[in-house]
Amino acid sequence: MTTKLSALQSRLPSAFVRLPTIVTAGVLSTGLLLSGCSNNDKGEAETAAHPTSSNEDTAAVAKTSENDGAGQAVLKDTEDKQVAVNNKDKTTIANDNMNPVTASAKQKSLVSNPTQHGTPEDTVKKALDSLYYGDPKQAATYYKVDMANFEEELAKTQSAFQQTVDGVTFTDTKYSDNKTRATITGELMLRGQSEPTSLTYELQKIDGKWKILG
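Going by this note's numbering, the first residue of the sequence shown is number 3, and it counts up by one from there.
If you're looking for bench data, these hints aren't it; they were derived computationally from the structure. Since the structure is predicted, the reported quantities are computational estimates derived from the model, not experimental observations. Some clues are possibly wrong.
[Claimed, not checked] Each computed DSS-like pair below joins lysine-lysine, with the alpha-carbon atoms no more than 27 Å apart: (1) K213 x K176; (2) K139 x K211; (3) K146 x K213; (4) K176 x K207; (5) K110 x K139; (6) K181 x K158; (7) K207 x K146; (8) K207 x K139.
Please construct the entire structure, taking both the sequences and the accompanying hints into account.
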């Protein structure tokens with residue numbers, strides 16, 4: 003792939019330059035403490051002298067035990083519900099981590115141009131967005147590059163790519179006579195720069211799909 007990024011090269015790691023184009027309240031449940039207590043410290047003499055009071059104490063203990071049972075049932079139900087919520091949250095987080103492209107699809111595209119599915123511009127757009135928002139493996143599928151361990155090299159550039167590139171705009175697309183090759187020209191805006199840098203993408207249609215050449 004041909005690039006015109008001499009200004010960019012001095013700002014990026016060598017591994018980046020070698021690559022094509024610009025790729026060169028969680029709140030825990032609160033435990034409820036329900037405790038029943040009985041006045042067992044009173045002597046037998048007091049119990050004998052006040053039989054009615056003793057019977058009342060016995061009834062109070064029984065009532066307290068009943069409340070304890072109900073309280074424990076409420077606590078268990080609360081804990082079960084909290085465990086279910088926590089498990090659901092963990093599943094959601096795990097799914098998000100497994101599929102970064104799903105998350106990136108909701109983000110603003112790095113490319114300012116609207117694109118149509120199946121076009122060269124759309125291929126470049128998907129490649130850039132996939133890398134920018136965290137999936138080098140997916141980004142690598144849009145390239146046709148003769149480089150050993152290309153996917154790994156691409157992953158190494160991700161941090162520099164995110165910190166350096168601010169946006170891309172396509173300005174023109176030219177096709178070969180047989181419509182199997184395309185050349186996209188555009189502008190690359192770097193962070194901290196007032197003027198964009200020109201760039202060029204070369205693509206080829208392989209097995210019905212556009213691939214960025216390297």
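Each hint, compared with the structure:
{"no.": "1", "hint": "K213 x K176", "verdict": "holds, 15 Å"}
{"no.": "2", "hint": "K139 x K211", "verdict": "holds, 17 Å"}
{"no.": "3", "hint": "K146 x K213", "verdict": "holds, 6 Å"}
{"no.": "4", "hint": "K176 x K207", "verdict": "holds, 13 Å"}
{"no.": "5", "hint": "K110 x K139", "verdict": "holds, 20 Å"}
{"no.": "6", "hint": "K181 x K158", "verdict": "violated, 34 Å"}
{"no.": "7", "hint": "K207 x K146", "verdict": "holds, 10 Å"}
{"no.": "8", "hint": "K207 x K139", "verdict": "holds, 20 Å"}
The structure fails hint 6 only (numbered hints given earlier).
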